[in-house]
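Visitor: Sequence:
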Amino acid sequence: MMNIVILGSTGSIGTQTLDIVRSRGDIRVVGLGAGRNIELLEKQIREFHPQYACVAEEEAARELTIRVADTDTQVLSGVKGMEALAAEPTAHTVVGAIVGIAGLRPSLAAVRTGKRLALANKETLVAAGDIMRRELQISGAELIPVDSEHSAVFQCLEAVAQTRRSAEVKRIILTASGGPFAGKTREELRDITPAVALRHPNWDMGAKITIDSATLMNKGLEVLEAAQLFCVSAEKIDVVIHRQSIIHSMIELTDGAVLAQMGVPDMKLPIQYALTYPKRMPMTDNTLDLAAIGSLTFEKPDMETFRPLALAYEAAKTGHTMPCVLNGANEAAVSLFLQNKIKFLRIGDLLAQVMQNHHIILNPTLEDIFEADQWAREQVLALTNQ
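With positions in the sequence shown counted from 1, the corresponding number in this note's numbering is that position plus 1483.
The hints are simulated quantities; they were obtained by calculation from the structure and are not laboratory data. Just so it is clear, the structure is predicted and the values come from calculations on it, not from any experiment. Any given hint could turn out to be false.
[Unchecked claim] No more than 25 Å apart at the CA atoms, straight line, and that leaves these computed lysine-lysine pairs for DSS-like: (1) Lys-1691 - Lys-1751; (2) Lys-1653 - Lys-1783; (3) Lys-1826 - Lys-1691; (4) Lys-1526 - Lys-1751; (5) Lys-1800 - Lys-1783; (6) Lys-1563 - Lys-1526; (7) Lys-1691 - Lys-1667; (8) Lys-1783 - Lys-1719; (9) Lys-1691 - Lys-1563; (10) Lys-1653 - Lys-1563; (11) Lys-1653 - Lys-1800; (12) Lys-1667 - Lys-1751; (13) Lys-1824 - Lys-1667; (14) Lys-1667 - Lys-1762; (15) Lys-1667 - Lys-1526; (16) Lys-1751 - Lys-1762; (17) Lys-1719 - Lys-1826.
Whenever a hint applies, use it, and build me the whole structure from the sequences.
Guide: This is how it looks when you write it as structure tokens:
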């Protein structure tokens, strides 16, 4: 029996992880962590009977405590509660699916206690990748990517390792759906509303990630994350627009061979693989019908129209606190866009302005990371007179 903790259990990754738990008989949920959606969290508690549940806000935690008083689940709250949940001694694996830099401290807590971290939180490695890698070396914990693109690269690298250990990777190719605005010009995007931007053609995700997909910032974060995950420079990571979302990513070897991982646009496969690795377990309802798809297409991304992707490469080249600042500014700017306080194209412009204003901190500590993140958010608010 595998014991797991799910951080972000009410979000897209969290609910799909619980779908996997339902379909199997060998996984026990010992902890659930969520943000504000206590109605769904209560339903999850009653179905899965975890020992612990944690809510980000204390007021919501008090309400949840009353709601589940007739159960054996102990309710925790806040950052400390999430860290305690991530470090739960009875858990073998922690699924890190909290959105944003809020997932950093719990991710570190899981790694420091030597667990397997099935990571779906890009911001953890974007903001503090060097710190995470040091902690992984110290603790011996496992880090398995959950994002479909990084899972695809991971699976391709595993295939190479099992067959030709001397093979070298020339580059990583991350695929991108292009979001709802693939092929659009800046002029066409000038008056885009949040409601339109939230209509992703292929994936069902949370609001923040969906907007990141629309700006291509999501792919920029994935470039930064892949550089940390696979210990390569961003110059060896390419992005191609692949609107069908069937090829989840590829690697090119030094001899020119390209290996791709393909599958239906569904997160359950990478989630399950992260839980069961190195074993592959059966799944149902995920058969890929290539004949029905008909064709697969590839295009270069338009980095002038979708400026955040270009800025992510720039942040990767600069390093140190710049990726953290880019991420913090983006979280703040996306929040303002979702509140209809700024225009869609303003997101990229704000990121560029904040990056230009940032004085880089070399070899940052964890405290430096959080200070840089806060500074970036404050800069966005100041630049927009909020």
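Visitor: Against this structure, judge whether each hint is valid.
Guide: The hints, checked one at a time:
{"no.": "1", "hint": "Lys-1691 - Lys-1751", "result": "holds (20 Å)"}
{"no.": "2", "hint": "Lys-1653 - Lys-1783", "result": "holds (19 Å)"}
{"no.": "3", "hint": "Lys-1826 - Lys-1691", "result": "holds (15 Å)"}
{"no.": "4", "hint": "Lys-1526 - Lys-1751", "result": "holds (21 Å)"}
{"no.": "5", "hint": "Lys-1800 - Lys-1783", "result": "holds (20 Å)"}
{"no.": "6", "hint": "Lys-1563 - Lys-1526", "result": "holds (23 Å)"}
{"no.": "7", "hint": "Lys-1691 - Lys-1667", "result": "holds (20 Å)"}
{"no.": "8", "hint": "Lys-1783 - Lys-1719", "result": "holds (15 Å)"}
{"no.": "9", "hint": "Lys-1691 - Lys-1563", "result": "holds (24 Å)"}
{"no.": "10", "hint": "Lys-1653 - Lys-1563", "result": "violated (42 Å)"}
{"no.": "11", "hint": "Lys-1653 - Lys-1800", "result": "holds (18 Å)"}
{"no.": "12", "hint": "Lys-1667 - Lys-1751", "result": "violated (30 Å)"}
{"no.": "13", "hint": "Lys-1824 - Lys-1667", "result": "holds (22 Å)"}
{"no.": "14", "hint": "Lys-1667 - Lys-1762", "result": "violated (42 Å)"}
{"no.": "15", "hint": "Lys-1667 - Lys-1526", "result": "violated (41 Å)"}
{"no.": "16", "hint": "Lys-1751 - Lys-1762", "result": "holds (15 Å)"}
{"no.": "17", "hint": "Lys-1719 - Lys-1826", "result": "violated (33 Å)"}
Comparing the model with each earlier hint shows violations of hints 10, 12, 14, 15 and 17; every other hint is respected.
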